[in-house]
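Student: Each protein sequence line maps, in turn, to chains B and Z. Here my numbering is used: the first residue of the first sequence is -14, the next is one more, and so on. Here my numbering is used: the first residue of the second sequence is -14, the next is one more, and so on.
No lab work stands behind these hints, which were simulated from the structure alone. Note that beta-carbon positions come from the ideal geometry of N, C-alpha and C, so glycine has one too. Errors might be hidden in some of the hints.
Claimed, not checked - Taking lysine to aspartate or glutamate and the DMTMM-like style, the derived pairs with C-alpha atoms no more than 25 Å apart in a straight line are:
1) B:K112 <-> Z:E127
2) B:K112 <-> Z:D52
3) Z:K112 <-> Z:D52
4) Z:K112 <-> B:E127
5) Z:K112 <-> B:D52
6) B:K(-13) <-> B:D25
As the list claims (entries may be wrong) - Just some of the chain Z residues that point at chain B, by a computed CB distance under 8 Å:
7) H28
8) D60
9) F91
10) P94
11) L116
12) Q126
13) A128
2 protein chains.
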Amino acid sequence: MKSEIQVFREYIRGRRLRRTPEREQILQEIFEIHGHFDVDELHLRLRDKASKVSKASIYRALPLFIDCGLVREVDFSDGHWHYEHVYGHAHHSHLRCLGCGEVLEFEQPGLGCLEAHLAQEFGYRIKGHQLQVHGFCATCQEAE
Amino acid sequence: MKSEIQVFREYIRGRRLRRTPEREQILQEIFEIHGHFDVDELHLRLRDKASKVSKASIYRALPLFIDCGLVREVDFSDGHWHYEHVYGHAHHSHLRCLGCGEVLEFEQPGLGCLEAHLAQEFGYRIKGHQLQVHGFCATCQEAE
DNA sequence: GATGTAATTGAGAATCAATTACAATAATAC
DNA sequence: GTATTATTGTAATTGATTCTCAATTACATC
């Protein structure tokens, strides 16, 4: 399997874009994040490492990472985007607690089959899906 | 089955909130919308009927409707919230075209079973889920 | 290695949906 | 009817994201 930096560099070359230290710093940082992140968090983490990458550059780089399949947008319905490092990870869905915000991951293999079915029924070429389940975790149920 | 206005009035009474013409106008308008809507659209439709309800009131009313199960937030990943009239409708998921923005609905009965499974495995009390599938419709595939 | 080009950058301004403060109004309880 | 307090519209504010613009820099070519 190609390394993620490799995937990104090939993508960059293929599009006549440019390989910059900023983009690679951002990507590197994403690899090191365990779990989900948002732009603010990513920016702070880079700040802490004395990187001067601006938020604007992060906002500009993320669509590239998404486009080449390294990162995925995740919707937690809290008013801004979250992202996750996706390359080489099994596709999964999120179970989110409406009380404390905890997010668990689970696998849902049946959805590949659903995609094939939808492709056939509606004539779509399917690119992906997002499934979120929400509710209250054990702790938050007690607290109610 | 209780009428939707009834559901809402009981909810209002139960919470010691107040029944106002603005809220009922908004709710009434939502019933008459076929399909999905966003705050802007709802506001324009009310304007057209010479209603003076402000956007702020719409923003303030929607969480109430959601809370009493009459309306559901829908995420089309286009930067702002969409909603749909939900009471008495079968739960469904959305298939969205990344090219033209078309949205189709489909039913996915297996997910009720998934919810029960998750409830058991993680100790959650599940409140609901959202599934969106995205890809390119037949027309947009040709255009590429 | 120098040069031209066009992509990329950071900083800050602009945008836009959503929220909030405030004073006026109006729904409910008494 | 009166008091209480939720709700309203208006306008200001917030906060995430996008855009602008001048300066910089990566890459291809000489």
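Student: Run every hint past the structure and note whether it holds.
Tutor: Consistency of the hints with the structure:
1. B:K112 <-> Z:E127: holds (16 Å)
2. B:K112 <-> Z:D52: This hinted pair is violated, its Cα atoms lying about 32 Å apart.
3. Z:K112 <-> Z:D52: holds (11 Å)
4. Z:K112 <-> B:E127: holds (16 Å)
5. Z:K112 <-> B:D52: violated (32 Å)
6. B:K(-13) <-> B:D25: Distance ~29 Å between B:K(-13) and B:D25 Cα, so the pair is violated.
7. H28: Status violated, d = 20 Å.
8. D60: holds (5 Å)
9. F91: Holds, because the Cβ-Cβ distance from Z:F91 to chain B comes to roughly 7 Å (cut-off 8 Å).
10. P94: Where the cut-off is 8 Å and the nearest Cβ of chain B is about 11 Å from Z:P94, the hint is violated.
11. L116: holds (5 Å)
12. Q126: holds (5 Å)
13. A128: At 12 Å from the nearest chain B Cβ, Z:A128 fails the 8 Å test, so the hint is violated.
Violated hints, listed in ascending order, are 2, 5, 6, 7, 10, 13; each of the other numbered hints is respected by the structure.
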